[in-house]
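**Student:** The lines below spell out each chain.
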Amino acid sequence: MSIRIVLATLAALVAGPAFAHVTLETQTAAVGSTYKAVARVPHGCKGAATIKVRVQIPEGVIAVKPMPKAGWTLETVKGPYAKAYDYYGTPVSDGVREVVWSGGRLLDEHYDEFVFRAFLTTDLKPDTTLHVPVVQECEGGGVERWIEIPAAGKSADDYKFPAPGLKLTPKK
Amino acid sequence: MAALHRLALVLTALLFAAFAASGSALAHAALNGASPADGSVLPAAPSEMTLSFSEPVSPLALRLIAPDGTATPLDQVQLRDRTLVIAAPAGLSPGTHVISWRVVSADGHPVGGSVLFSIGAPSPTAPIAETQPSGVRPMLWAGRVALYLGLFIGCGGAAFVAWVAPLPARARGAVSAALLLGLVALPLSLAAQGLDALGGDLGAVFQPPVWRAALGTSLASMLAIAAGALASGLLALRLTGCLGQIAGLCGVGLVGLALASSGHASAASPQALMRPAVFLHAASIALWAGALLPLIQALRRGDAAATLRGFSSRIPAIVAVLLGSGLVLAVVQVERPAALIETSYGRVLLAKLALVALVLGLAGFNRWRLTAQVETGRLVAGRVLGRIVAVELVLMLAIVGTASLWRFTPPPRALAIAAAQPATIHIHTLTAMADVTLTPGRAGPVHVAVMLMNGEFGPLPAKELTLSFANPAAGIEAIERRAVRGADGLWRIDALSLPVPGRWSVELAILISDFEMLRLTDTVEIRP
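So the protein lines, in turn, are chains A and B. Mind the numbering: the first sequence is residues 0 to 171 in numbering that gives the first Met the number 0, read in order. Mind the numbering: the second sequence is residues 0 to 527 in numbering that gives the first Met the number 0, read in order.
Since the hints were made in silico from the structure, they are not lab data. Some hints could be false.
Mimicking SDA-like on lysine to any residue, the simulated pairs with C-alpha atoms at most 25 Å apart in a straight line are [claimed, not checked]:
| no. | chain 1 | residue 1 | chain 2 | residue 2 |
| --- | --- | --- | --- | --- |
| 1 | A | K171 | A | K51 |
| 2 | A | K51 | B | V40 |
| 3 | A | K153 | B | A29 |
| 4 | A | K64 | A | Y34 |
| 5 | A | K170 | A | K45 |
| 6 | A | K45 | B | T69 |
| 7 | A | K153 | B | G440 |
| 8 | A | K45 | B | V40 |
| 9 | B | K462 | A | K64 |
Here are the computed distance ranges between Cβ atoms for each label pair [said to hold, decoys possible]:
| no. | chain 1 | residue 1 | chain 2 | residue 2 | range |
| --- | --- | --- | --- | --- | --- |
| 10 | B | G32 | A | Q26 | 29 to 39 Å |
| 11 | B | A60 | A | T33 | 42 to 52 Å |
| 12 | B | T438 | A | D122 | 21 to 31 Å |
| 13 | B | P336 | A | L106 | 52 to 62 Å |
| 14 | A | P149 | B | A203 | 34 to 44 Å |
| 15 | B | P336 | A | P149 | 29 to 39 Å |
| 16 | B | R346 | A | P149 | 25 to 35 Å |
| 17 | A | P149 | B | F407 | 32 to 42 Å |
| 18 | A | T89 | B | H427 | 38 to 48 Å |
| 19 | A | D126 | B | S512 | 44 to 54 Å |
In this text the structure is predicted, and so the values were computed from the model without any measurement. For glycine and all other residues, C-beta sits at the position ideal for the given N, C-alpha and C.
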């Protein structure tokens, strides 16, 4: 038993920060740039296969172009932004607020990625974390909501279902 | 071999962890299933328990918490693929058990949770422990016994002497003694009550706060009325004729009033029924028990015919009132037959009823066999009757002694009310508030009701509400339950069992919209 605990602890040390959960592949990006978001879905909901992935586009992220996926139906939900953002000199006041991939079947033992491209406006604050909430719906009605945004002084590790995050850096 | 197998698994886990560090995505393990299933009720104890995870895991701490709150480490564990197979300890008792698990998943993150299952049926209420400072209990009991003897034997005896059996002054000594004993019991009872109220021990008996505390309780007015009853009794023994009879009757009436003014039964509702019932019960006890001493005196002197006739003609009505009022009191106080055996109050009642049955048997024998013989002048029968009445008196004392034990046993009715009190918490944050009510607020099965409000006391529209309860001090990892919203807007959880008392942490995960979640946390005290 004790050797197992030692090894498990060692494993914990090697693993370092959590790579668990639904996460983004690229976890740093500069504001005022185009970002390719790859949402990684490592498992289903308590063993059930994933049939729908919904991504909420945070405020300040515009010009969203999701990548179609074979075997999945791609939809977007459009709506007004809180304010007009500058997109290479053009004010943009509405666009995609949510991206939905549905109709596929990703088994618990398989892994997949869901991709979209977006522009990170300069209204986003550098040196903060941008959270991209993702909802994973599964067969049998199971839902995993990767939507928890850490409160001040807490980190994603303190939560069971942290929203995927992205560290923002100053404009290049 | 098994150890090697395990080592291999752990090494695999390490390898995965290394991959994790290098950037590949791995997940925390989640519990996919358990046997016994969470919340299940089994007819018999399981021989093994399994926990199936979504990822390979290593156990860190596995514990089984028994219905009585004791935790047993589970160390007979085997890993089969992603399933932990745990040998169940032998001799599991019926009731609710908790498997509290903590494992480390492939990504190196410890995760934990709890699985509850019950054998036979979910655990019933744990008994309520009582504490009392030493020495005060005997004093309370002795005071109560002495007071009852004064009231029943003394006041009842005085009334019997005044109305039925005019004894010569010498023969009244025993009744007077009982009355005086009752007077002595007054300050004794008051002091014991004060010590009990303040939780002090006998040494503190002369301190003024003890007496002030006692005077503030309902016992003080009871003792005042009892003093009046005892004084009336003494007066009835002194006065003759009509005045003596009035004083005697007053004494018995005051006995009824005294007992009806304080105590478990008088405090029970419906008061309009209970207080008169206590009054009649006490007065009829006094009339019956009080007759016994003068009867013995009369039988000893050999001219008991008139006294016996007077007693025999009155006693059936008195016993009928006694039993009728006693039945009413018992039904209200005990509530359900099982409480007769399960609670100490019920057991005292059973003991008392057994003694009463004995007394009634003797009384019946006296009345139907011996009384007629004594009336026709058979001296032998008179002596036998005198002895049996003396035995009756002793049994009466035993009944009084038994009934005085009720001072220490809250009736099942009161126990049920106390146990049913809910535990409540109010969580208040800037964005959301929650009123959580756990009914009853004691260990065992509970119903949970949650009212959600926004920061301005308005309604908080939520899509889902999940509560998790954990007791880190008892080693119980979070027990998660989804609440269901009722038509009245309250969120409820019906199938939850908090197996041990103590301080539980409560976390509410409120889903505001598909992408927005609020978490509120607090702690709640769960009684035994």
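**Student:** All hints are to be evaluated individually against the structure, with a verdict given for each.
**Tutor:** Comparing the hints with the structure gives:
1. A:K171 with A:K51: violated (36 Å)
2. A:K51 with B:V40: violated (35 Å)
3. A:K153 with B:A29: Distance of about 22 Å is within 25 Å: holds.
4. A:K64 with A:Y34: holds (11 Å)
5. A:K170 with A:K45: violated (40 Å)
6. A:K45 with B:T69: violated (30 Å)
7. A:K153 with B:G440: violated (32 Å)
8. A:K45 with B:V40: holds (23 Å)
9. B:K462 with A:K64: Violated: K462 of chain B and K64 of chain A sit about 29 Å apart, past 25 Å.
10. B:G32 with A:Q26: 29 to 39 Å: holds (33 Å)
11. B:A60 with A:T33: 42 to 52 Å: For T33 of chain A against A60 of chain B, whose Cβ atoms are near 48 Å apart, the range 42 to 52 Å holds.
12. B:T438 with A:D122: 21 to 31 Å: Given a distance of about 50 Å, which is not inside 21 to 31 Å, the answer is violated.
13. B:P336 with A:L106: 52 to 62 Å: holds (58 Å)
14. A:P149 with B:A203: 34 to 44 Å: Cβ of P149 of chain A to Cβ of A203 of chain B: about 56 Å, so the range 34 to 44 Å is violated.
15. B:P336 with A:P149: 29 to 39 Å: This hint is violated: roughly 57 Å between Cβ atoms.
16. B:R346 with A:P149: 25 to 35 Å: The hinted range 25 to 35 Å is violated for R346 of chain B and P149 of chain A, with Cβ atoms some 57 Å apart.
17. A:P149 with B:F407: 32 to 42 Å: violated (55 Å)
18. A:T89 with B:H427: 38 to 48 Å: Because 46 Å falls inside the window, the suggested range holds.
19. A:D126 with B:S512: 44 to 54 Å: violated (28 Å)
Going down the numbered hints, you'll see the structure goes against 1, 2, 5, 6, 7, 9, 12, 14, 15, 16, 17 and 19, while the others check out.
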